[in-house]
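Participant: Given only the sequences and the hints, what does the whole structure look like? Please build it.
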Amino acid sequence: MTEYDYDYEDLGLVAGLEIHQQLDTETKLFCGCPTDLREPDEAARTFSRFLHPTKSELGELDDAALEESRVEREFEYLAYDSTCLVEEDDEPPHRLDHEARTVAMQIAELLDMNVVDEAHVMRKLVIDGSNTSGFQRSSLIAQEGEIGTSDGPVSVVDLMLEEESAQRVEERDDGVLYSLDRLGIPLVEIGTGPDISSPEQAREAAQTIGMLLRSTGKVKRGLGTIRQDVNVSIADGARVEIKGVQALDQIDEIVRFEVGRQAELVEIRDELRSRDASVGDVADVTSVFEDSDSGVIRGALDAGGKVTAVPLYGFDGLVGRELQPDRRLGTELSDHAKRHGAGGIFHTDELPAYGVTEAEVEALRDAVDAGPEDAVAIVADDPETADLAIDAVAERAAVAIEEVPEETRGANDDGTTRYLRPLPGAARMYPETDVLPVDLDPSDVETPELLTEKVDRYQAEFGLDAGLAEQVAYGRTMPLFEEAVDAGIDATFAAGLLESTLTELRRDDVAVSELTDDHLLAVMHLVEDGNLAKEGVNDVLSTIAEDPSLTAEEAVEEAGLSGVSEDEVREAIAEVVERNADQVEQQGMGAFSALMGEAMGALRGKADGGVVSDVLREEIQKRA
28 MTEYDYDYED LGLVAGLEIH QQLDTETKLF CGCPTDLREP DEAARTFSRF
78 LHPTKSELGE LDDAALEESR VEREFEYLAY DSTCLVEEDD EPPHRLDHEA
128 RTVAMQIAEL LDMNVVDEAH VMRKLVIDGS NTSGFQRSSL IAQEGEIGTS
178 DGPVSVVDLM LEEESAQRVE ERDDGVLYSL DRLGIPLVEI GTGPDISSPE
228 QAREAAQTIG MLLRSTGKVK RGLGTIRQDV NVSIADGARV EIKGVQALDQ
278 IDEIVRFEVG RQAELVEIRD ELRSRDASVG DVADVTSVFE DSDSGVIRGA
328 LDAGGKVTAV PLYGFDGLVG RELQPDRRLG TELSDHAKRH GAGGIFHTDE
378 LPAYGVTEAE VEALRDAVDA GPEDAVAIVA DDPETADLAI DAVAERAAVA
428 IEEVPEETRG ANDDGTTRYL RPLPGAARMY PETDVLPVDL DPSDVETPEL
478 LTEKVDRYQA EFGLDAGLAE QVAYGRTMPL FEEAVDAGID ATFAAGLLES
528 TLTELRRDDV AVSELTDDHL LAVMHLVEDG NLAKEGVNDV LSTIAEDPSL
578 TAEEAVEEAG LSGVSEDEVR EAIAEVVERN ADQVEQQGMG AFSALMGEAM
628 GALRGKADGG VVSDVLREEI QKRA
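Take 28 as the starting number for the sequence shown in the numbering used here and just add one per residue.
The hints are simulated quantities; they were obtained by calculation from the structure and are not laboratory data.
Misleading hints may appear alongside valid ones.
[Said to hold, decoys possible] As a list, the in silico DSS-like pairs of lysine-lysine whose alpha-carbon atoms are at most 30 angstroms apart:
id: 1; residue 1: K365; residue 2: K151
id: 2; residue 1: K151; residue 2: K247
id: 3; residue 1: K270; residue 2: K245
id: 4; residue 1: K151; residue 2: K245
id: 5; residue 1: K561; residue 2: K649
id: 6; residue 1: K247; residue 2: K270
id: 7; residue 1: K151; residue 2: K270
id: 8; residue 1: K365; residue 2: K247
Facilitator: In C-alpha cells:
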C-alpha cells in the first residue's frame, strides 16, 4: 500500500481545519501599537522571562502545558521603539480593538455565521514563550456557519478573534529568542466541523476559506500570515492535530501522509499485540559503551554523560518500520526524546551503524536481557537529559502497543509531521478578568464583495481580460487598484502597473518593497494628468525605489523625464526621419516600426507613445 491508494471511506477518514489569518489593521488587538513587522537588528532592548503552568479555575493542569514546563528554559524578547507595556505584560490589556472586531464580523457574514451578542475574552494557557504573559487572549465572535465544496457542505463551528504570538527568532540550548513585533497582531481562527472526508476536500475547503478572507481586503499577505492546522483521524486511529501548514497545496498531501501514518500504527499495534509485546525497565548501560568509537556516544561520555536504554520486547523489525516517507516508528520515539532535550536515539533495528559495532549491539542486548525478537533503544546525553529522554521513549513505546495516540504534531516541509506535544484540554482556557466584554452588532457591518464577484465586475465594468481581472482581484494590490480607479485612474493602466510593471522591476532587482501605495498612486496621477509619459513609469519608479524620500514629481526631474512640448517632439522625430531618409523613400510606411523604436529612444520616455506614433506617421507621409 502506498500513500496514494488508500480507501478513505473504508478507513473512516474524518478531518477538519483550523485556519489562522492575521488581520491587516492599524493597531494591535489589545493596545495601540502598529502591526508592522520589524527586523531583529532594529530592536532597542531585550528582557527575559521564565514561564510556568498555572491551574485552571477547577484546579486542573493542562497536559500540554505540563509537558512544556518539564524543560526549564529562559525566554528572551526583542523590544522595539514601538513596544508598549501591554506587550511586555507590564500593563493590563486595553479594550478589544474596534477595527479588528469589524473585520471579524465581516468574515463571519461571508461564512454565513451567527455573530454572538457579546464578546468575552478568554485566556488560553501557552508557556512555550510565544507570549510574554504565558497565555494567549482569545474571544468567540461567531458560530454555526457553512461553506460549500464539490463533495458537499462543510460546517464552520466557530470564529475566534485572537492575538498573534511572538515571532521565534532563534533557538538556543537553554531557551528561545522571540521578537515582540508580531505579538498582539489581530488574528482570526476559523474552525470547521469534522465533515471533511478526503484530502482533496480538505484542500478545497481551505482554498474557499482563504478566498473569503482575502475578499475583505483587510488580511495580511505573505509567508507566515496565514496558517492552516489540520485535524485528522481514521476509525481505528485517533484525533491528531497537525499545526503550522503554511502552503495550501500541501494540505492534501499532509492528510494523505497522516492517514498512512495512522494506518501503519494500527497495523504495528496489532502485530505487537499478537507478539505479546511489552516495554521493559529502563537501565543504565554506560559500561557497554565505555570504549565506543561512536562519535555521538563518545561525545556524551567525554562530557560526563551516560547511556540509558530501554528493552522493547517483541519490537524487533517494527521500530524501523516506515510510517511516512523517511519517518519510522523509531523516528516517533526519537521525537519524544528530543522533546526532553536529547539529540535523538539509536535503536537496534538500525544498528550496527553510526560507529556502534556488532559486538556492542550484542553486549547491549545482553545487558537488558533482550533476545533476537526484541529491540533496544538507547539515549546518550548528560545524566538528567538521558533519564528524561529514555523515560519518554519508554512511554511512547508502551502506547504503541495500546493505541494510536491523540497528539499535536508539527508539519514538515515535505508533508510529513513530527511530534510536538499532547493535545490540549479544557484546563487550558479560563476567563480573562482584565478585559471587559464588548457588545457586537453585525447590522452596522458592510458585507464585502467576494473576489469571484470582483473578477466578473472588473471584466464588465473596466473591460479587463479574464486573466488580468483575476490577477488584480486575487493580488495583494487589489485595495490600491480600487483606490486608483475610484480616483479616476484608467483601470487598464492601473492594473498593468500593479501586476506587470512591478513584476518587471522586481525581476530587474529594483527594490520594489520600498515603493509605498502613496508612491504608486502619485505616479499614476502624473500619467493620468499628462505630466509623465507611460514609457517613463519604469524609470521614475526605479528612481523612487533608490530614494523613497523623493516625491513623484522630484523623481521625474531626477530621472530626466520632465515633459517636452509637442514642437520638441516633432523636432526630435523629424531628425530621426531625416537620418533614415533613404529607408523612408524606399519603404514608405514600411519603415514605421523600425523608426518608432528609434524615436522613442531619442525621446527617452519624455513623450507619450501615442503622440510619438502620430507625429512619426505624419513625418513619414511627408517624404513617402
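Participant: Regarding the pair K151 and K247, is the alpha-carbon distance no greater than 30 angstroms?
Facilitator: Status holds; Cα separation ~23 angstroms.
Participant: Tell me if the straight-line CA distance from K561 to K649 falls inside 30 angstroms.
Facilitator: holds (28 angstroms)
Participant: Taking 30 angstroms as the top limit, are the C-alpha atoms of K270 and K245 close enough?
Facilitator: holds (24 angstroms)
Participant: Assess, step by step, whether the Cα of K365 is no farther than 30 angstroms from the Cα of K247, and give holds or violated.
Facilitator: violated (34 angstroms)
Participant: Would the hint linking K365 and K151 be met if the CA-CA limit is 30 angstroms?
Facilitator: holds (25 angstroms)
Participant: Are the Cα atoms of K151 and K245 separated by 30 angstroms or less?
Facilitator: With Cα atoms ~25 angstroms apart, K151 and K245 stay inside 30 angstroms; holds.
Participant: Quick one, are K151 and K270 close enough, alpha carbons at most 30 angstroms?
Facilitator: holds (16 angstroms)
Participant: For a C-alpha distance cap of 30 angstroms, please report whether K247 and K270 respect it.
Facilitator: OK: K247 and K270 at ~19 angstroms, within 30 angstroms.
Comparing the model with each earlier hint shows a violation of hint 8 alone; every other hint is respected.
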